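Trainee: Each chain, letter by letter, is given below.
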Amino acid sequence: MGFSILGLAWRSLMNRRGSALLTILAVALSVALFLGVDKVRNGARAGFDNTISGTDLIVGAPTGQINLLLYSVFRLGSATAEISWDTYESIDGRDDVAWTIPLSLGDNHRGFRVVGTNESYFEHYRHGGGTQLRVSEGKLFSDIYETVIGADVAKELDYSIGSEIVLTHGLGAGGLTDHEDKPFIVTGILAQTGTPVDRSIHVPLEGITAIHVGWESGTRSPFADTISEDMIRGFDLTPKSVTAVFVGLEQRGSLLRTQRALNTQGGEPLLAIIPGVALGELWQVTGIVERALIAVSVFVIAVGLVSVLTSILTSLNERRREMAILRATGARPGHIFFLMVAEAAMLGLCGAVVGVFLVQLGLLIAGPILSSAYGISIGGLGISAIDGWTVLAVFGAATLIGTIPAVMALRRSLADGLTVKL
Amino acid sequence: MTTPPVIDLIDLRFAWQDGPALLDIPGFRLEAGERVFLRGPSGSGKSTLLGLIAGVLEPQSGKVEVLGHDMTALSGPKRDALRADRLGVIFQMFNLVPYLSLVQNVTLPCRFSSARRQAAGGEGRLNEEAVRLLSRLGLDGERMLSRPVTELSVGQQQRVAVARALIGGPDLIIADEPTSALDADARDRFIELLNEEAGRSGAALLFVSHDASLASHFDRSVDLAEINRAKGGV
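Sequences listed follow chains A and B, in order.
All residue numbers for the first sequence refer to numbering that gives the first Met the number 0, where the first residue is 0 and numbers rise by one.
All residue numbers for the second sequence refer to numbering that gives the first Met the number 0, where the first residue is 0 and numbers rise by one.
Please keep in mind that the hints were generated in silico from the structure rather than gathered at the bench.
Each hint should be verified, as a subset may be incorrect.
Partial selection, computed: residues in chain B whose CB lies under 10 angstroms from chain A [stated by the list, open to error]:
no.	residue
1	A53
2	G75
3	D79
4	L99
5	F111
6	S112
7	R115
8	Q117
9	E150
10	R163
Note that the coordinates shown come from a computational prediction; the quantities given were computed from them, not determined experimentally.
Even glycine gets a Cβ: it sits at the ideal position worked out from N, Cα and C.
Take these sequences, add in the hints, and give me the full structure.
Mentor: Structure follows, in structure tokens:
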């Protein structure tokens, strides 16, 4: 039978193309939801995994390890406490430590986080499996009132070399707490990395200290305006504290020993975390939500498949005569069965394939937004094995479901014989 | 060698489920190439009898021989194959599959039977054969053939059904009240055409109708009430 019956099934579907298209759309949307959830999940994971590499330990004031990871690396949330400069220096001075990157967080500029740091950041910070940060325009900062901005900051705020930036105290939207008396000058713009670095504004640690002169109480002191830039330059601008420290070790073999030493040292209490371990813990937490989302989207696919069943079942009554004609002209029960199953399978297959393309279309349109707003890299989210398996599974399930109307049509056509009393 | 009768019914008994016997026919024959008119009022079991002959229904007892095959001894698929290979069926109305073109409707039996496909000239010449049959029945021209079948008049639809019954030269054509939806004029022309084409292809014709006035068109006329002893029919 083969192709001649498939041809019949196709023509029969086209004859009811309105309802067939709706059914295909229902399946397509359900498949798109499932694949979309999966792709965003993978994209988010890949994005996070790519954000930091080469850093052996992250050290901060005691808090949850996920919290420390989120605010230090992903610039999400905020620190509740800081560690003193003396403690930072003692970490930097350890024999087993090769390099450190001090980070001072807590200010922002029009929604972009400000990171106080030093040259070590640009030398040692690695992302995407070992890539160093690269200045695409200009140069690194060399003065306390200079800044190097991420690619997205430059793009979205339309900044170029020489632009002046006023930082805002805290993480609010700006306004009353602007450090407008102390603008920074953009000296460099970093190349795109696909990480939160793109959305960060990097200034020297001393710059952070400088803009907070006169703000020691947390708000602007009435005397702040009386302090001139020259006076500030005359102060000792060594920071009193930093928010977090990225640490690179001499030998990775000493990782656990160094971590334990930092966590249990006398003096100021510290939390040292291994980024990969903290990420693993983060995925455990999000895994529950992911599984729930996947489960929901699998159910939605089931609903899509039920719509295949509905559309064929509702057509059965009006097709009794058609079945009788087919029987009379020589169709065996197997032909009728195959015809109905083929219709269901075609609806399922078309729906699944359209769904795969909907997701790709969606990524094409929404990808840049996801990537800039959430740092979800959509590179490598093209058509993959999971798409193929999903299409195959939906096709198989639709075929299986098709046996229900097939058996019904079969029974009816056997009972009706050649004449249908309508 | 003598050709076996196209239809040979012996002591045929049939009832729907637990109902009274609808058909009880001691004997009925249709010889090869014969064109017979079978008359019976509606509800007398005509359609059921055709279902038995076509092999989609099975009798409770007795024998239905079609083209030398004992239908009661054949398996379901074998009966289906016999029907696909050697029978043509025309219904009262709604004979056509709405989503197929005229030509596709005519070649429909060839989708299910390779013997029928071969007899109609083989894969490559099916459409040609369908067009030829349609034009013999007065349906020709690009415009006519490209029309959706649902737009055809009832008379035109019935002629397409005749072309479908004739394709691949079957040995028996069964027609179940094919003219009841036609007016008198169209009816006579339709029967002449059917007779002529059946005669040309050498097929036997079993024409069933309640309308006794049609009997004059056929070689022989049989009243179902004469051959059926059962009184179960309504």
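Trainee: Take the hints in turn and mark each one as holding or not.
Mentor: How the hints compare with the structure:
no.: 1; hint: A53; in the structure: holds (6 angstroms)
no.: 2; hint: G75; in the structure: holds (7 angstroms)
no.: 3; hint: D79; in the structure: holds (4 angstroms)
no.: 4; hint: L99; in the structure: holds (6 angstroms)
no.: 5; hint: F111; in the structure: holds (4 angstroms)
no.: 6; hint: S112; in the structure: holds (5 angstroms)
no.: 7; hint: R115; in the structure: holds (7 angstroms)
no.: 8; hint: Q117; in the structure: violated (14 angstroms)
no.: 9; hint: E150; in the structure: violated (14 angstroms)
no.: 10; hint: R163; in the structure: holds (7 angstroms)
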